[in-house]
Structures are given as C-alpha cells and as structure tokens.
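Visitor: Residue numbers (the numbering used here), protein chains in the order written: chain A, 1 to 455; chain B, 1001 to 1288.
Be a bit skeptical, because a hint or two may be false.
Computed beta-carbon distance windows for the label pairs [what the hints assert, rightly or not]:
1) B:Arg1119 with A:Asn178: 19 to 27 Å
2) B:Ser1160 with A:Val270: 49 to 57 Å
3) A:Ala255 with B:Asp1216: 58 to 66 Å
4) A:His325 with B:Asn1213: 34 to 42 Å
5) B:Asn1199 with A:Asp217: 32 to 40 Å
6) A:Val270 with B:Arg1148: 54 to 62 Å
7) A:Gly71 with B:Asp1057: 20 to 28 Å
8) A:Thr390 with B:Ser1132: 33 to 41 Å
9) A:Gln324 with B:Asp1216: 53 to 61 Å
10) B:Asn1213 with A:Ser228: 44 to 52 Å
BS3-like mimics (lysine-lysine), calculated; alpha carbons at most 30 Å apart, straight line [to be verified]:
11) A:Lys235 with B:Lys1112
12) B:Lys1219 with B:Lys1206
13) B:Lys1112 with A:Lys225
14) B:Lys1171 with B:Lys1112
15) B:Lys1266 with A:Lys310
16) B:Lys1112 with A:Lys241
17) A:Lys310 with B:Lys1008
18) A:Lys12 with B:Lys1015
19) A:Lys323 with A:Lys241
20) A:Lys235 with B:Lys1015
Rather than coming from a laboratory, the hints here were simulated on the basis of the structure.
Please read all numbers here as calculations on a predicted model, not as lab measurements.
Glycine included, C-beta positions come from ideal geometry on N, C-alpha and C.
Here are the chains, one letter per residue:
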Amino acid sequence: MKTILLHGWLVKVFIVLLWVIAIGVRITMHDDTRENLLFTLIAFSNFLLYLMVAMRLPLLTHSKMAVLLPGFSQKLKQILLVIFGVSLLPTLLVLPDVVTWLAFISISILATLVFVAMIYQPIYQIFIWLFILMPLPMAMFDISLNKEKLFYTLAWLLPLICWLAYALLNKLVNYRGNQHHVSKMIAIMNVSMGKTLAVQESIPFSDRTMLAQWWADSHFNYYRKLISAATNTSKELPNRKLIEICCQSANSFGANAYVIWSLGIALLCVLGLVIDESYHHFFTPMVTLIPAMIIGTGSITLFQIIQGKKSYLARIAILPRFKQHNSFARAFLGYVFSNQVILYCFIAVLLAVTARVFGHLNITVYINSILILFVYCCISISIMLFAWRTAEDYGNSVVWLMIVGFIGTIVFVTHMASSEMSLLILNGIFQILLLVSLLLMIFSCYQYLQYFSKK
Amino acid sequence: MTCIVNVKGLTKSYKNQSVLKELSLDVEQGDVVGLLGKNGAGKSTLLKSLLNISDIDSGEISIFGEQYNQLSSKNKARIGYVPQENDEISWLSVKDLINFRKQFYAAWSDEKVTELLSRWEIDLTKKISELSPGQVQRVLIILALAPRPELLIFDEPAASLDPAGRRDFLKEILSLVSDENITVIFSTHITSDLERIANKVAILDKGQIRYFNDLDTTKENVVQLTLHWQADKNITVPYLLRGKQFLQGQHAIVSQLDQAWLEEMKEQAVEVTINPMGLEDIFLELTA
Chain A
1 MKTILLHGWL VKVFIVLLWV IAIGVRITMH DDTRENLLFT LIAFSNFLLY LMVAMRLPLL
61 THSKMAVLLP GFSQKLKQIL LVIFGVSLLP TLLVLPDVVT WLAFISISIL ATLVFVAMIY
121 QPIYQIFIWL FILMPLPMAM FDISLNKEKL FYTLAWLLPL ICWLAYALLN KLVNYRGNQH
181 HVSKMIAIMN VSMGKTLAVQ ESIPFSDRTM LAQWWADSHF NYYRKLISAA TNTSKELPNR
241 KLIEICCQSA NSFGANAYVI WSLGIALLCV LGLVIDESYH HFFTPMVTLI PAMIIGTGSI
301 TLFQIIQGKK SYLARIAILP RFKQHNSFAR AFLGYVFSNQ VILYCFIAVL LAVTARVFGH
361 LNITVYINSI LILFVYCCIS ISIMLFAWRT AEDYGNSVVW LMIVGFIGTI VFVTHMASSE
421 MSLLILNGIF QILLLVSLLL MIFSCYQYLQ YFSKK
Chain B
1001 MTCIVNVKGL TKSYKNQSVL KELSLDVEQG DVVGLLGKNG AGKSTLLKSL LNISDIDSGE
1061 ISIFGEQYNQ LSSKNKARIG YVPQENDEIS WLSVKDLINF RKQFYAAWSD EKVTELLSRW
1121 EIDLTKKISE LSPGQVQRVL IILALAPRPE LLIFDEPAAS LDPAGRRDFL KEILSLVSDE
1181 NITVIFSTHI TSDLERIANK VAILDKGQIR YFNDLDTTKE NVVQLTLHWQ ADKNITVPYL
1241 LRGKQFLQGQ HAIVSQLDQA WLEEMKEQAV EVTINPMGLE DIFLELTA
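In isolation and in its complexed conformation, chain A is listed as follows (with noise of 0.2 Å):
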C-alpha cells in the first residue's frame, strides 16, 4: 500500500530535496530573517506529499483488494497515518516555537482534507480559489487577521482538527462513492506523466458532463464546417489546415478558449478598474496564476496531444497530398509555429492588460518577463519537435521537462517583479540564454526537416 501512495521517485526525490533545504535554512538561521522561507519550504514540501498521496488514494480505496482483502481499511488507515506523523518531522523544525508548530500541524491536516476531499469531489476545488481570493473580502471587509493571531487560534483549534480528521479518515478507508469520478483518476493515474491527455482523451464523450461535451463540440464544429466548406464548394484545404485538423481534441487550446479567458480576463480587469487601487495587489496572485494556465494549457496540452497522435500524423504523411519534398514537415511546422506564436502573443496581450490594470508589473518587468517566455517558448518548441521525431516515446521525460523549466521561468518572473532588476535584453548571459535557445529551435527545425526529408 505504501508503495502505491509513493510512487514516484521524482516528486519523492523533490520533497526530501525541499526537506533538507529547509534543515539548511534552520541550521544557518540566526535571526527570523529566513523563517518566512522556511515555513513556505516546509509548506510547500508537504502539500505536495499530500497532493501526490491524496491522488493515489482512489487507487486503493476503489480497488477490488479494499472488498476482498480482510483488515484492508485498518491496514490503509494506519499507513495513513504513518505517512503523515512522518509528514510533521520537518515541522519539528519550527520549534522551539510551540505555537507555530502546533499551527503548522493544523495547516498539514487541514491541507489533506481539502486535497483528499477535491480529488474525491471536484466540488471541493472551490476551496483552493476562496484561498487565493480570501485575502480580497479580508481587505474589503477589514477584518485583520495577523500571521501570530492565525497561528494562535490554529494551535488552539488543533484538538478539533485531530477530531475532525480522525472522523473523516474513519470513513474515507470505507468510502466507495462517485465511482464515476473516481474511475477517471484511476485511469489517469495508473498512466505516467506523458499519456495523462491520452486517458482523458479515451473518455467516451458522452460520460463527459454537459459543458465538457458542448466545449468540446463548439470547439470542433469549426473544423466540420471547415471541412463542409471545403467539400462543397470543391476546394483544397491549404496542408497546414489539414494537419491542424489532425491535431484536434477535446483538450485542445481552440477559439472558443480564447474568447472564455479574454471574457475572463476582461471581467477580472472591470472588477480591478471599480474597486479601490488599494485592494489591487490582492488580484496579484490569480493574474500571475492565469497565463501559467494558459501556457500550461496550450502548450504542454499541444504536446500531449500530438505525441498521442505521431502513428496517425506518420500514416497521413505518407498521401499523396504531400507531394513535394518536405511539404509535410513544412506544413507541419508551420501548424506548430502558428499555434504557439498566437498563444505567447495571446499571453503578452493579457500581461499588458492586466498589467495596465493591476500594476503588478512595471514596464522593464513586463519587457523582461515577455523576453524570459520567448525563451521558454523557444525551448519548448525545441524539446517537442525532437520528442515528436523520434521513434521512442519520450512523452514523459518531456512533460516533465516542460513542467520544471515552466515552474522555473515562473518562480524567475515572480522574483523579477519583487525585484529591481534591469532590462535583460541589455544581460550578456541571458543574450547568450537568448541566442542558444534560438540557435536550438533553428535547429530542431532543421534536424525535423531532414528527417521528413526521407518521408
């Protein structure tokens, strides 16, 4: 069982990486200069312990084993909390501060029950964005609630925690319900990094919800009139179109995509010019959150969903519409570039707006952040089309990749805008950065072309 809620040696290797980092930070720390990195690292190491092992739960608590097995709910339910006790040793490091780390093992245990709850009953995702957004009715409200005065009142309500949790662990070991749902996880997690698009992808469309049918549906409709279109009045489709068609999916970052976030966006940006400018560094974090999604969205997505579909992309290479030398990995290419292209211009627009809006970001940081997404761009492009020429499956080494450097550029933006950094345009190491990451997209372009070349 244990083996099953920590697969993984990544994220395991990740956390205990955060772990002895935060031993560092302890041991080198004088004063409570770094205790602010120190809570984050300890936070965030064990939020994603329980996030790995709340999304391998439905593993064993759905499985056949949990009916057939005798004493299977008592032997999960005391891993359970053996993974957790071992969860809290890094709190030890807040001590001698017992109230803190009374509060920290309050947050761990209030933590798990919102990521176990939401991996059960997507419902319970509501929790995550009322935690982003708490801070705004906070403010509006003015109910001021200092870092002591919650650690305080977390340590005291940690008897009615441990309670709360002991209940509610009882009956997760014995939970069966929304089969549905949960058979969904299985399937995703049962597969690696790589093929997760292709699990959701296999979902019969019509046990998806409504609005995953209709977003799905909206989203094709376009390419079926296309395709009408073409047919009745007797015209060719350019190759580019063709091969956009073959890249389609439920999942894909399509027109209708563009028009929800630009609406969300745009709400977002009215709500920011109404309320007083006081309150706009509340917004903060959800404007940096969105174009992370949208990136996270349209560009590891496009990956997902072209690797799922290389054998079908290889058999329509082979027609004879593709006639002249090339012409499919140009087509193709051209399909990649122009997706992308569209996405970090969409993404430049939307951090121009929201900048203009929010002032989260000052001309030199937007100038830089829009320069550190090229980057990423580029390299991404990089990585893909050499997964994509290949014959062995590098789906998950490249999603991987693509969620680190990801991660990185946002961690390195966010650190920029708190930051007085200059225009990095002007860097000598990030023209270098700059130039490597181009001469790498060029010539992974060039590398597709030659191997098209033989098609």
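Fit chain B to the given chain A structure using the hints.
Guide: Then chain B, alone, in the frame of chain A:
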C-alpha cells in the same frame, strides 16, 4: 508477373531488440499474401516499414519499382492501408471523415464510396466514436479503397471483430479483391482467416520469413515425417523446413515429398510415417 513489392535484407530493431532480421520478400501483382505470425513476430512493423510509416535500419524496399521512401505522388495514390488500430479522427462524422480524407488525393471515387456505404449500411451522420468496431473497420476500408488502390495493405483486419463479423468481413474483402484484381498483403495470426482469402502464405517468425509459398501448394505438399531407424544413421531429409532428432529417429517438416528419397529410405530400412498437416499445424510447428 509484375513484382509489386520487393524487399531485400530488411533489418529493423527497436530499443536494441531486433524486430526484423535481413528479411526478404517478393509480392507479385494479383497476389493475396497472408502474413502469418505470432503476436510480436514483427508483422505490423514489416507492414509499416513497407509504407515508410516506420523507419528501418537497413535493407531495400521497392514498391511499384520505386524506392519506398521516394515514392512519386502517383504511386502513393496506388496504395491503400488499413491499420490495426483505429486512430482516425473520432469526433468527425463518417461523411466529414470521408470528405476530409478526400482532400489528400487527386483522384477519388465517390461512386465506390457510395456503393460501399450502402452495401455495408453505414450511417453517414454518425461520428466515428459512435460506430461499432466492425463498422469502424469498414469505414477504414472504404477510406483505403476510395482512391482505387492497386496495392492494399491490411494490418490484422479482422482482429476487432467477432467470429461471425469476421467471416462476413473476409467474404467482402475477397469479393472486392476478385472484382478489382488488387494486390493484397494482410497480416493475421488466425490461420482460418488466411485460408479463406489468401492465395499465398508467408510465415514470419523471429523477424524473418520462415516460409513463403502458394497456399494450395503449401496445404498439398507440406507434411510432417516421422523417421525411425535401428542402427546409428545420419540422414539428410530433402526440402527440410524444420527437424528434430530423437533417439533412433527424427521428426521433420518438409515443404514437399521427394519420392526418390522415400524409396531410398525404404531400401535402408528406415521407417517413414507421413502425416498430413493443416495450415495451423504448419504455422505452429514452424514457429515453435
């Protein structure tokens, strides 16, 4: 007879594991070749290599007299391929998918499409994801036949069908093939499927063609011999495909019986028992 497909010394490995080893094969016009092999024998890899879908390590492949990776547009249009797995765009309706695929060809027979659609009673408005595996297979065949190909390559065409569906499907393929004199290469691990439609059999084992001949000749001529002798002997069996020695005897599978050799054995007091073999026995013995 014109040679449609010519393969010489085809070698392909995947993750340092050899899949095809120095494989050679000639397919002539009008042949219906059943490629028989166990799961993992390399059947799909061979078919994908012929079509340049899968890369090869070494060897020569020519189709319609042109190098497989330099095929002209005209010759590309002469090939139809039905893959093992349905990876078609599932969100398109049958009609849209046919129209979409039509975009890739200069010549496309709408009559053929209409004829097959009505013969197989396929609802044009249904999405691919809403069709049964048998119907999807038929749509894939329509897509492959619509450009009126001269070479049709099927990868396990009936794998997803139940026995009754498989029988109907194979019957239809047979009628299509006989009507239009198409050269067909199809892979299968079900010998009864092969016996229904193929006129040639190729047995693929451990990356090599272990046996390739006319199906009728195979069924008539390939036999299993059991030899028994008293004293120590070293006997060479002619046309040997596979042999296994035991104490004072030998089991042998031969591609044809040599009457002169049989007489010779009689004179040498070697007892020879001849056991006729079905295609399944031949396949199992050769790939054991």
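Visitor: None of the hints should be skipped; say for each whether it holds.
Guide: Status of the hints after comparison with the structure:
1. B:Arg1119 with A:Asn178: 19 to 27 Å: 46 Å, violated
2. B:Ser1160 with A:Val270: 49 to 57 Å: Holds, since Ser1160 of chain B and Val270 of chain A (Cβ atoms, about 53 Å apart) stay within the stated range.
3. A:Ala255 with B:Asp1216: 58 to 66 Å: Check passed, 59 Å falls within 58 to 66 Å.
4. A:His325 with B:Asn1213: 34 to 42 Å: Cβ of His325 of chain A to Cβ of Asn1213 of chain B: about 40 Å, so the range 34 to 42 Å holds.
5. B:Asn1199 with A:Asp217: 32 to 40 Å: 47 Å, violated
6. A:Val270 with B:Arg1148: 54 to 62 Å: Cβ of Val270 of chain A to Cβ of Arg1148 of chain B: about 60 Å, so the range 54 to 62 Å holds.
7. A:Gly71 with B:Asp1057: 20 to 28 Å: At roughly 54 Å between Cβ atoms, Asp1057 of chain B and Gly71 of chain A fall outside 20 to 28 Å, so the hint is violated.
8. A:Thr390 with B:Ser1132: 33 to 41 Å: 35 Å, holds
9. A:Gln324 with B:Asp1216: 53 to 61 Å: Violated: the Cβ-Cβ distance is about 45 Å, outside 53 to 61 Å.
10. B:Asn1213 with A:Ser228: 44 to 52 Å: 50 Å, holds
11. A:Lys235 with B:Lys1112: 21 Å, holds
12. B:Lys1219 with B:Lys1206: 23 Å, holds
13. B:Lys1112 with A:Lys225: With a Cα-Cα distance of about 24 Å, the restraint between Lys1112 of chain B and Lys225 of chain A holds, given a limit of 30 Å.
14. B:Lys1171 with B:Lys1112: Holds, because 18 Å separates the two Cα atoms, which is no more than 30 Å.
15. B:Lys1266 with A:Lys310: 61 Å, violated
16. B:Lys1112 with A:Lys241: 26 Å, holds
17. A:Lys310 with B:Lys1008: Roughly 27 Å between the alpha carbons, so the hint for Lys310 of chain A and Lys1008 of chain B holds.
18. A:Lys12 with B:Lys1015: Judged against 30 Å, a Cα distance of about 28 Å means the pair holds.
19. A:Lys323 with A:Lys241: 16 Å, holds
20. A:Lys235 with B:Lys1015: 44 Å, violated
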